[in-house]
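Engineer: Under our numbering, the first residue of the sequence shown is numbered 2, with each subsequent residue one higher.
Since the hints were derived computationally from the structure, they do not count as laboratory data. Treat the hints with care, as some may be off.
[Claimed, not checked] Across the chosen pairs, the derived CB separations fall in these ranges:
#	residue 1	residue 2	range
1	Ala-121	Pro-253	13 to 21 Å
2	Arg-79	Pro-253	43 to 51 Å
3	Asp-221	Asp-131	40 to 48 Å
4	Pro-262	Glu-231	16 to 24 Å
5	Ser-119	Asp-244	47 to 55 Å
6	Arg-251	Glu-96	28 to 36 Å
7	Pro-92	Asp-131	15 to 23 Å
8	Gly-256	Arg-79	26 to 34 Å
9	Leu-124	Glu-231	23 to 31 Å
10	Ile-182	Lys-36	45 to 53 Å
We put the CB at the ideal spot given by N, CA and C, even for glycine.
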Amino acid sequence: MTVSQTDRLYADDLSVAFGRTVVLPGLSLSVPDGKVTVIVGANACGKSTLLRALARLKAPAGGQVVLDGRNIAHRSTREVARTLGMLPQMPTAPEGIRVFDLVERGRTPHQSVLRQWSKADALAVETALDRTGMSELGDRFLHDLSGGQRQRAWIAMALAQETDLLLLDEPTTFLDLAHQIELLDLIRDLNRTAGRTVVMVLHDINLAARYADHMIGLKDGRLIAQGTAEEVVTEAGMRAIFDLDCMIIRDPVKGTPLVVPC
């Protein structure tokens with residue numbers, strides 16, 4: 002499948018393997034600039050692996066990931082970190098860390114021996130805390146927060162990194178439905194108001210359809226479908242991606258496709 006080389010981030014014939022097991026066999030796709038892209042598919046289909054490869058956290062066995070016109074493998078770690086932020090599925094932090102200290106870590110790619118903490122760093126942290134509604138919780142210990150608050154703290158750290166591209170691996174994991182909606186509303190607001198390009202993995206196909214501008218459907222590491230929710234979330238699409246027989250109705254609130262299993 003062809004890719005749009007005008008987009009800032011795309012995979013060109015990308016293959017990823019773990020030992021002798023090929024997980025992604027020659028995948029080509031583009032991440033539309035300024036949009037929310039959601040990757041969907043069954044468990045162990047390669048969603049997280051694709052996200053890690055796009056973030057240069059997993060080296061390809063073949064092909065390439067291109068960021069701003071250059072093979073991402075040929076760019077320095079600091080250079081990539083100033084452009085692209087990645088939040089893994091289950092991030093870990095040192096015991097006893099406070100929210101403010103965690104968010105400060107997002108500024109690491111902008112610092113060096115010659116450039117230490119600055120007013121720009123302080124403003125970036127302050128803005129990230131404010132945008133995620135965490136300003137009043139900056140002095141709290143991360144382990145004392147609720148699941149939803151912890152996720153917002155991690156998002157704040159990613160925002161403090163001030164990258165145009167934000168990759169999120171299952172950001173709603175372990176959250177109840179109300180907190181899932183709260184977090185996804187925050188991510189969409191960041192996209193709409195700050196212009197950030199977002200790529201995230203979600204398990205819930207109906208939430209994916211509600212929040213995605215662009216969807217990527219994988220099965221066994223292969224690209225099955227990509228496009229708008231209306232193009233991907235169809236009865237044929239759900240059979241091809243999930244082996245699921247279903248009916249597609251309209252979400253009565255948002256008008257997006259809603260999957261009803263048969």
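Engineer: Compare the structure with the hints numbered earlier in the document and write down the numbers of the violated ones, lowest to highest.
Structural biologist: 1, 6, 8, 9 and 10
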